[in-house]
Amino acid sequence: MANHDIHFSVRKGTVHALVGENGAGKSTLMKILYGMQKPDEGTIAINGEQVSLSSPADAIARGIGMVHQHFMLADQLTVLENVVLGSEKLYGIGGQARKKIKEISDAYGLGVKPDVLVENLGVADRQRVEILKVLYRGARTLILDEPTAVLVPQEVDALFDNLRELKAEGLSVIFISHKLGEVLAVADDITVIRRGTTVGTAIPSETTPRQLAELMVGSALPTPETSESTVTDRPMIQVEGLRLEAEGGRPLLDDISFTIHEGEVLGIAGVEGNGQTELIDALIGLKGADSGTIRLAGEEITAWPTRKRREDGIGYIPEDRHRHGLLLESPLWENRILGHVTEKPNAKGPWLDLKAAQEDTRRIVREYDVRTPGIDVTAASLSGGNQQKLIVGREMSHKPRFLIAAHPTRGVDVGAQAQIWDQIREARREGLAVLLISADLDELIGLSDTLRVIYRGRLVADADPATITPEELGSAMTGAATGHLEHDEDAELSEATLLEQQAREDAPDVVETPDPQEAPEDEAR
Amino acid sequence: MKKFDKERVLLALAGPAIALVVAVALTSIVLLVSGKSPFEPYSIMFEQATFSDIQVLIINQATMYYLAAVAVAVGFRMNLFNIGVDGQYRLAAMTTALVGAHVALPSFLQVPMLILVAMLTGAFWAGIAGILKTTRGVSEVVATIMLNAIATSVIAWLTLPENFGVLEGNNSTTGPMNESGWIPGFELPGGEVYGLIVLAVLVGIAYWLVLGRTRFGFDLRATGASESAAAASGVNAKRMVLMAMLISGALAGISGLPILLGDSHTYGLTFPAGLGFTAIGIALLGRNHPVGIAFAALLWAWLDKASQDLDYRGYDKEIAVIMQGLIVLAVVISYEAVRQWGLKRQQQRVGEELAAAARKSKNSEEVAAR
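Chains A and B, in that order, are what the protein sequence lines are.
So the first sequence is numbered by this note's numbering: it starts at 50 and just counts up by one.
So the second sequence is numbered by this note's numbering: it starts at -16 and just counts up by one.
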C-alpha cells in the first residue's frame, strides 16, 4: 500500500506544497492526480465537481498539467515543435501556435523563444518549456515534481518568480519537494506526507524548517554528529588534477584534487548535478579520467577497471540504488553477491559458493536489521530503506578501505538512518576513509571531518564542519562564496528568513549568471 | 522460506501452462470455424506419439531443437537477441561437412576436430555481430539478420560445382564425409536415435552449471538483469556481450551436428533450414531454463512429427503450425502477466508477513532473524 487516507485541498491562485521524505508516497499521489494510476478508494474533486481521472489525457482535459522531474522533450526539435507535439489540433503547428506560445510566454514572464532547438537550451530553460507546454494545453492546475532538484539557486529564484506570476493569474500550483527551505519560501499552504498518509499541514510564516522536518519524519531528528576525531595522517585516497570531459570537450569535472586519510570522512556539498555523479563514476571506474591521477593507499589506480578497484577495497553505496546497486528481480542472496562476485564468501575459484553466500546473506539480514521474511524474496519486494540496509551491509561486509557513500540515508526511515550513521562511524574508527556525498546538509556537517563544496565540476570551497552552519554552506553551493569558509557569528538568523533574504540579495547583483551551455545537464540520461 | 520456493516453482509453471491452454483453446476455435471436429486432431496426435518410429523422429528432432534453443537462450539471459542462430547453424554444418569430406583422421581425432570446427565457425559468424555491437554499437538483431542472408549466399557459392560442390542427382552437396567422422546412433525398436543426443545432454548440464554456479555465469545474468547495476558491480559489459555472442554462436554451430554426423553425412539442399528460428520460440517457451527448454523442444518436435498423419485423416497438418504460432504469442503475453502478478503478490506477502511478525513480537530484533 503506497497511499492511504490522503486529504488535502488546493486553493485557487495559490502554491500548495506537498512535502515528505523520499518514499513517503509523494510520487504515487502525484500519479493518481495526473490519472496515471487509479485510486482504490477516495475521491478527487476539481472546482467542487467530483471527477474520475483514468488517464493523463483525462487530467489534461480537466485542466491538470504536470511538469515531470525528468523532462520529456525531444532534443532535436524546436521549442515550438515540442510544445505543439500531440496537441496539433489546438492551434495548429504554424503561425497561430507561435503566436499563442509568445502570448503565454509574455503573460507569465517565461521568456521562451519558440524557434530555438531544445538541445541548445539549459536545464532551467527546458523546465520553462515544460511549464509552457502544460499551459498551452489549457492547464489551470500545475503539478511540479521536485522542480528544483536540477536547478542552481539563482535558477530556483527565477522559477519561484514564474510561479508567483502564475498564481497571480489565478492558477494553482502543486509543488512537490523535500527541500524545506524552498518550500517555506514559495508555498502558501503546506501538506506533509509521511508513510503514505497526510500527517499535517503547516503555514509557512509560522513554521521553521526544523519543525517541518520533524513533522516529515515523525519524531525528533537524530543528529549525525561524530564525537572524537579519528583522522590519521596516512592518506588512503589521493586525487590530483582530475578532469572529466563530456563529449565535445566540455568539462564535467575540472581540476579536482583532494586527499582522504584513514579514518577521515570527507563530505562533498553541492546542488545536485554539479559533478557529483561524475566524481563517483570516476572514482569507482565507470568513467575513465581524461587527465589527473587517483591513488589508493599510494598505488595509482587511475587506469584500473571497476572490478579490480572493488576487489582492492573500494566500497560503493550508489546514488541510485535501483540502477546501480541492486538486481531488483533477483533474490536477496544474489544481490549480496553483486559487486563482490570474485570475493569470499561468494566465490571459490571460478565457482560460486552459493551456500556460503546465502549463509552470509542471512547474517547481513540479521546484523543490519533488514526487514524481510527470508533471503529468497526479490529485492524489489523490500522497502527502500531495507534495500539500502542490505547494500550498506553488503559493502561493509567486505571491510572496505575506502567507501564511496552517495546519499547513504536517502529514502531511509529515521531509525535506519541512525543505524547507517553508526556503521559509518564505527568503520571510520577502524581506519576507513569515506567520501560522503549528500543533499542533506545536516548529515554532511554531522558526519564529516572535512567539507568541500562542488560547484560546476570544481571544488570551490572548503569548510570546517565543527563551526559551519547549513546556511553558510548553502551559500557556497550557489557559487556565491569560495575559498575557506569562516563561520560568522552575526549571521545567526532563523533559517527561513535567511534563505529568503539570500534569495532577494542574490537577485540584483548575481555574481555570474549561469550560462545555459555550462549549466549542469539534466539528470535524465 | 520453503513456502517462497514452492511459490516460485508454481509461478514458473503457471506461465507455460496458461499459454498452452490458451493456444489449444484458440486452435480448437480455428478448427470449429473451419467446420471440423475441435478435438479429434489432438487424439490423433496423441495416438501418433505412441508409435515407436514416431517417438524416434520426435527425439531426434528435439535433440537439434534443444541445442539451437540453448544457443538462443544464452543470448536471452543477457538481453541479447541472437536471431542469427539459423545462419550460424547452417554455415557451421556446411563447413563441418566440407572439412569432414576432405580431412580423414582416425575417428577419435576426427570427431572432436569436427565438433571444434562447427563451434569455431558458429562462434566466428556470431562474433562478427558481437564485434559490430561492441565497437560500433550496431544492434545485434540487425547484424545477425543480415548475417543470415550473407550465410545463405556464402553457402550457395561454396557448394557450386566449380568450388567445393558435388552434384548428387539434383542435389548439390558438399560430398560424402569420411566415415571416421560418422557417429553411430542408438538402435531402438522404432529406429536409430542420434548418437549426439549425448552432446545435447552435456550441453544442457554445462549450461546449467556455468550460468548458475560460476562467477562468469553470474556476471552474464547480472548484465541481463540490469546492465547499469552490472557495470557498477565491475562487469565489463563489452567483453560480456562479445563472450555471450561467441558462446551462443558456438552452440548454434553444433546444433546441426546430430543429423550431419549421425544421418545425412553431407550438407546439401535437403539439409533442414529454419532450425534457428524455431529455436527462438522454444527458448521462449522453455523460459531459458535447461529443463524447460528440453520439454519445450519435445513438445515442438511432437507437434512437428505427430501432425504429419493428420493429412491422411481428413485434417490439415498445418493445424500444428497454427498451434506453434499461437503458443509463441500466448507465451510472451502470459509470461509477462505472470511475472508482474508474481512480483506484486510477493511484495504484498512480504508486507503482510512483516506486519504479522511485528504484531506478534514487539521486540523488533526477533523480526530480522525470522
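FYI, nobody ran anything at the bench for these hints, they're computed from the structure.
All C-beta atoms in this analysis are idealised placements derived from N, C-alpha and C, irrespective of residue type, glycine included.
One or more of the hints may lead you astray.
Unchecked claim - So the derived label-pair ranges between C-beta atoms look like this:
| hint | chain 1 | residue 1 | chain 2 | residue 2 | range |
| --- | --- | --- | --- | --- | --- |
| 1 | A | Asn96 | B | Ala8 | 48 to 54 Å |
| 2 | B | Trp191 | A | Leu134 | 45 to 51 Å |
| 3 | A | Glu90 | B | Ile133 | 49 to 55 Å |
| 4 | B | Glu170 | A | Trp400 | 37 to 43 Å |
| 5 | A | Glu360 | B | Val13 | 57 to 63 Å |
| 6 | A | Lys162 | B | Phe64 | 38 to 44 Å |
To be verified - With a straight-line cut-off of 16 Å between C-alpha atoms, the simulated EDC-like cross-links for lysine to aspartate or glutamate are:
| hint | chain 1 | residue 1 | chain 2 | residue 2 |
| --- | --- | --- | --- | --- |
| 7 | A | Lys151 | A | Glu130 |
| 8 | A | Lys87 | A | Asp107 |
| 9 | A | Lys404 | A | Asp418 |
| 10 | B | Lys327 | A | Glu378 |
| 11 | A | Lys397 | A | Glu408 |
| 12 | A | Lys80 | A | Glu98 |
| 13 | B | Lys(-11) | A | Asp425 |
| 14 | A | Lys336 | B | Glu210 |
| 15 | B | Lys327 | B | Glu(-10) |
ask   = So does Asn96/A sit 48 to 54 Å from Ala8/B, Cβ to Cβ?
value = At 49 Å between Cβs, range holds.
task = Would you mind confirming whether the straight-line C-alpha gap from Lys(-11)/B to Asp425/A stays at or under 16 Å?
result = With a Cα-Cα distance of about 11 Å, the restraint between Lys(-11)/B and Asp425/A holds, given a limit of 16 Å.
task = Would you check the hint for Lys87/A and Asp107/A, treating anything up to 16 Å between C-alpha atoms as holding?
result = holds (12 Å)
inquiry  = Between the alpha carbons of Lys327/B and Glu(-10)/B, is the straight-line distance 16 Å or under?
reply    = holds (13 Å)
task = Compare the distance between the alpha carbons of Lys327/B and Glu378/A with 16 Å, and conclude whether the hinted pair is satisfied.
result = Measuring from Cα to Cα gives roughly 11 Å; hence the hint holds.
query = Cβ-Cβ distance between Trp191/B and Leu134/A: within 45 to 51 Å?
reply = Taking Cβ atoms as reference, Trp191/B and Leu134/A lie about 49 Å apart, which means the hint holds.
Agreement of Lys80/A and Glu98/A with the hint, judged by alpha carbon distance not exceeding 16 Å = violated (20 Å)
message = Check the hint pairing Lys404/A with Asp418/A against an upper bound of 16 Å on the C-alpha distance.
response = violated (21 Å)
request  = Verify the proposed pairing of Lys397/A with Glu408/A, using a straight-line Cα cut of 16 Å.
outcome  = Distance of about 15 Å is within 16 Å: holds.
message = Does the beta carbon distance between Glu90/A and Ile133/B stay inside 49 to 55 Å, or does it fall outside?
response = violated (60 Å)
request  = Could you tell me whether the CB distance from Glu360/A to Val13/B stays inside 57 to 63 Å?
outcome  = Since Glu360/A and Val13/B have Cβ atoms about 58 Å apart, the given range 57 to 63 Å holds.
query = Does the structure keep Lys151/A and Glu130/A at a Cα separation of 16 Å or less?
reply = holds (14 Å)
Taken one by one, the earlier hints fail for this structure at numbers 3, 9 and 12, listed in ascending order.
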